[in-house]
Amino acid sequence: MPFLRRYAGLVIRMQILALLLAFLPAPGVNAAMLGTRSVLEQGAGPSEERARVDSFLARQDVGAALRAQGVDPLEARIRADSLTETEVRRLAERIDRIPAGGNAVGAIVGALVFVFIVLLITDLLGLTNIFPFVNR
Amino acid sequence: MFPTYRRRLVFALSCCGWVSSCATPPSPRVDSVAHTDAGATEVTGVPFHPQETWQCGPAALAMVLGWSGESVPPQALVGEVYSPARKGSLQASMVAAARRHDRVAFTLSGPADLTRELEAGNPVIVLQNLGLSWVPVWHYAVAIGYDGAANTVTLHTGTSEAKRLSATVFDNTWARSGYWGLLVLPPGRVPATAGETAYLRAVEGLEQAGRQETAATAYQGALTRWPGSLGALVGMANTRYASGDLPGAESALRAATRHHPGSGIAYNNLAQVLSDQGRHAEALAVARRAVESGGSYSQDFNDTLKEIVRRRGSSNESTHARPSHWQDQDHSQHPAGQP
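For the protein sequence lines, the chains are Y and A, in the order given. Start counting the first sequence at 1; every next residue gets the next number (this note's numbering). Start counting the second sequence at 1; every next residue gets the next number (this note's numbering).
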């Protein structure tokens, strides 16, 4: 038992690594086939293997962020998997800050009268387009 | 009466400096429609779906999908694009959903592309910030036309069908999203403004989403626009390879090596496809050409060559050709003595 305990940490770490490697998506049937990305990113991109590891991690991040936004886990995974490596890497860096298109007036309910007046003025100036009754 | 009212407002604004500075749109400004040459067009056949509270994303997507020939009610798309906690839809979710419906999702590269795409008959999903940078009100609308002389943009937006909006107001609201515009096109219909690499990246997204057949159709479209395109030929081969069509993949890669004799990637993939068909001797010669060409993937080329040498050694040049990766399940591969 002390033997087991001594090596438990190492064993767990190796198992995690093995799991991680097992789930790395390989393009096509065989890894020796270079993906279309390699032609499109030629010269600029990282090596095929490095890119695969990076985008695997980025995909996990994007999936986790979508789950945090209330998206069903399976659905979150499908969405993350439908993006290219370049797209997920770029998205993973800033997913909490990017806009989510919702809809107009409701978003500012509860805002201050001040905001209402400013937006009314900017609407009249044609800088914004919040209020339907401001006709331009 | 209105102009007087406005003049008074401008005066009022200039009195409180920081408000007016907050309201300044980001510079440099590029106008998309306002002040362009007089021209006008309207894309027909874009169905209108009223956008209910929060759910402009699904409705906008349903409109362009309907135009492209896929009739989907907005409600059916909510689960595919909506982020409940954000009360909105991320751009990435819109892109992913378009791919899941076998459509090429192509983002515009700049504001000037809007009128060109509309003239080519393609409606554009646009992301607007109807509010200000510090009171953002994000909104997806579908641009279906413009009128240069009248200085208007025609949008399916909110509950208004084909609403004509001042192009200046539209530009102000669109600029705040960095002019994000999305085309959702049936495969084979190449955008009017697309560059070769940008379009192929969009098609690669279909491959990533597992839509191999759709991607193949889109690569075929790319080859019509850019004959002999290396990316389109390699992509075409990859889609065929993924669906098990090895002779099809081989012919696309042969065309790639013919048009681009310096491309190691084309040779590397061709070697792999030949070897998978059991033609190890041919594969070996082709793999060597890949290694000779060098470049940033030379490590991968070397690995392919080593793998082919290994496969050739273990296959002993059997008389009938057989994809050698099948041999991994072959009993002869097990060490002697195992059942």
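Hint data in this document are derived by calculation from the structure and do not stem from the laboratory. Check the hints yourself; a few may be wrong.
[Said to hold, decoys possible] Taking CB as the label site, the calculated pair distances span:
1. A/S71 / Y/D72: 36 to 42 Å
2. Y/D81 / A/Q299: 34 to 40 Å
3. Y/R90 / A/A85: 34 to 40 Å
4. Y/D72 / A/T53: 18 to 24 Å
5. Y/D81 / A/P227: 43 to 49 Å
[To be verified] Straight-line alpha carbon distances no greater than 20 Å define the calculated DMTMM-like cross-link-like pairs of lysine to aspartate or glutamate that follow:
6. A/K87 / Y/E75
7. A/K87 / Y/D54
8. A/K163 / A/E52
Note that the structure is predicted; figures quoted are calculated from it, not measured. Using N, Cα and C, we set each Cβ at its ideal position, and we do this for glycine too.
We went through each hint and held it up to the structure:
Between A/S71 and Y/D72 the beta carbons are some 24 Å apart, a value that contradicts the proposed interval 36 to 42 Å. Between Y/D81 and A/Q299, the C-beta spacing of about 27 Å breaks the proposed range 34 to 40 Å. Separated by about 22 Å at the C-beta atoms, Y/R90 and A/A85 break the suggested range of 34 to 40 Å. For the pair Y/D72 and A/T53, the supplied restraint of 18 to 24 Å holds, since their beta-carbon distance comes to about 21 Å.
A beta carbon spacing of about 32 Å between Y/D81 and A/P227 contradicts the range 43 to 49 Å that was offered as a hint. About 17 Å separates the Cα atoms of A/K87 and Y/E75, which keeps this hinted pair within 20 Å; it holds. Between A/K87 and Y/D54 the CA atoms are separated by roughly 29 Å; this puts the pair beyond 20 Å, and the hint is violated. Between A/K163 and A/E52 the alpha-carbon distance is near 16 Å, which keeps this suggested pair within the 20 Å criterion.
Hint compliance for this structure: hints 1, 2, 3, 5, 7 are broken, all remaining hints hold.
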